[in-house]
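Undergrad: Going line by line, the protein sequences match chains A and B.
Take the first sequence: its letters are residues 1 to 245, numbered as in our numbering.
Take the second sequence: its letters are residues 246 to 346, numbered as in our numbering.
Heads up, incomplete: computed chain A residues facing chain B, CB under 7 Å, no partners named:
no.: 1; residue: A33
no.: 2; residue: A54
no.: 3; residue: L58
no.: 4; residue: S64
no.: 5; residue: L87
no.: 6; residue: N92
Simulated from the structure, these hints should not be mistaken for laboratory data.
All values derive from a computational prediction rather than experimental measurement.
Heads up, the beta-carbon is just placed ideally off N, CA and C, and yes, glycines get one too.
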Amino acid sequence: MTGATTPSAAPDGPRARDSIAARALSIGVAVGAYAVSFGAISVAAGLDVLQTQALSALLFSGASQFAFVGVVAAGGGFVAAVATAALLGLRNGLYGLHLARVLTAPPPGGGRLRGWRRAGAAHFTIDESTAMAMAHEPDVAATRRAFWATGWSVFLLWNLGTLLGAVGAASLADPAVLGLDAAIPAGFLALLWPRLVDRSAWALALVAAVGALLLAPVLRPGVPVIAGAALAVGGALLLERRSAA
Amino acid sequence: MWPAVLVASALAFLTKWAGHLLPEAVLDRPLVRRSAALLPIALLAALTAVQTCWSPTGFTLDARAAGVGAAVVALLLRAPFLVVVLSAAATAAILRALGWG
Numbered sequence: 001m002t003g004a005t006t007p008s009a010a011p012d013g014p015r016a017r018d019s020i021a022a023r024a025l026s027i028g029v030a031v032g033a034y035a036v037s038f039g040a041i042s043v044a045a046g047l048d049v050l051q052t053q054a055l056s057a058l059l060f061s062g063a064s065q066f067a068f069v070g071v072v073a074a075g076g077g078f079v080a081a082v083a084t085a086a087l088l089g090l091r092n093g094l095y096g097l098h099l100a101r102v103l104t105a106p107p108p109g110g111g112r113l114r115g116w117r118r119a120g121a122a123h124f125t126i127d128e129s130t131a132m133a134m135a136h137e138p139d140v141a142a143t144r145r146a147f148w149a150t151g152w153s154v155f156l157l158w159n160l161g162t163l164l165g166a167v168g169a170a171s172l173a174d175p176a177v178l179g180l181d182a183a184i185p186a187g188f189l190a191l192l193w194p195r196l197v198d199r200s201a202w203a204l205a206l207v208a209a210v211g212a213l214l215l216a217p218v219l220r221p222g223v224p225v226i227a228g229a230a231l232a233v234g235g236a237l238l239l240e241r242r243s244a245a
Numbered sequence: 246m247w248p249a250v251l252v253a254s255a256l257a258f259l260t261k262w263a264g265h266l267l268p269e270a271v272l273d274r275p276l277v278r279r280s281a282a283l284l285p286i287a288l289l290a291a292l293t294a295v296q297t298c299w300s301p302t303g304f305t306l307d308a309r310a311a312g313v314g315a316a317v318v319a320l321l322l323r324a325p326f327l328v329v330v331l332s333a334a335a336t337a338a339i340l341r342a343l344g345w346g
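Take these sequences, add in the hints, and give me the full structure.
TA: Right under this line is the structure:
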């Protein structure tokens with residue numbers, strides 16, 4: 001990350017630029033398709049089209065948005081919905097920490113982003129833009145272009161997909177008959193799947209899942225998810241600490 | 246609903262912004278880093294479990310669970326996100342049309 005001034009191995013010519021734009025667009029299209037299902041699920045959960053669109057435009061973080069409407073659909077209170085979405089979004093803070101370092105302009109015009117550009121960069125700080133930016137380090141120019149191209153592509157197509165899904169679902173009859181209530185956990189599972197990379201991830205997921213189900217009879221809707229996840233993460237951190245000591 | 250939508254959006258932006266704004270020493274601690282990596286796995290697993298087999302009447306295995314089973318098959322076949330979600334919805338809808346779950 002410090003080799004900002006050294007030329008990268010890959011030539012930064014028109015072809016490299018084209019490939020960044022093409023990859024950003026293809027990521028946007030894939031994400032836009034999944035936004036269609038988010039829009040439909042959100043309306044099925046009881047939000048209206050404008051509220052659904054507000055989540056995609058303002059909250060703009062897929063897992064948090066799914067969690068928000070999922071908790072609302074399950075009858076959880078607003079506090080539980082907001083808390084679950086906020087906890088899922090914590091990772092974006094760490095992405096921002098990393099991006100603030102790599103999005104700096106190359107010398108001599110160096111320094112961190114300021115004002116509106118920084119606010120825009122913060123808003124675009126999500127899984128996809130961070131992954132694309134990191135894939136182009138340490139070439140600062142390519143990293144910045146990859147971040148902004150992916151950020152814009154995902155933001156525009158995510159919102160377009162959301163609108164299509166929300167308007168489509170709003171014109172449908174009973175969502176339960178259409179199986180949209182099965183689509184919600186399937187969406188969570190699809191977000192979880194790529195993160196189950198090793199046995200400790202599986203163990204963590206199982207403990208959180210079983211914990212949440214055991215707590216479900218005694219806690220208000222929405223709370224068991226947070227409590228089960230907190231217990232699992234707390235246990236994992238304790239185990240790691242003990243094995244490190 | 247609007248207050249919850251706007252508060253959740255504000256918290257999401259503030260979290261992202263804090264990363265860009267705060268000095269590294271505040272956020273860049275092993276405990277914070279590890280918790281932020283583990284939390285999405287635990288939360289998504291808990292959400293999947295509760296939304297698959299919990300209903301207001303208690304533990305239930307119905308058309309929803311069958312739909313999520315179809316989603317697992319789709320994931321094992323490396324299907325894209327939309328196909329995973331659609332296969333779950335379609336499975337549940339077909340089973341309900343047949344009068345089950």
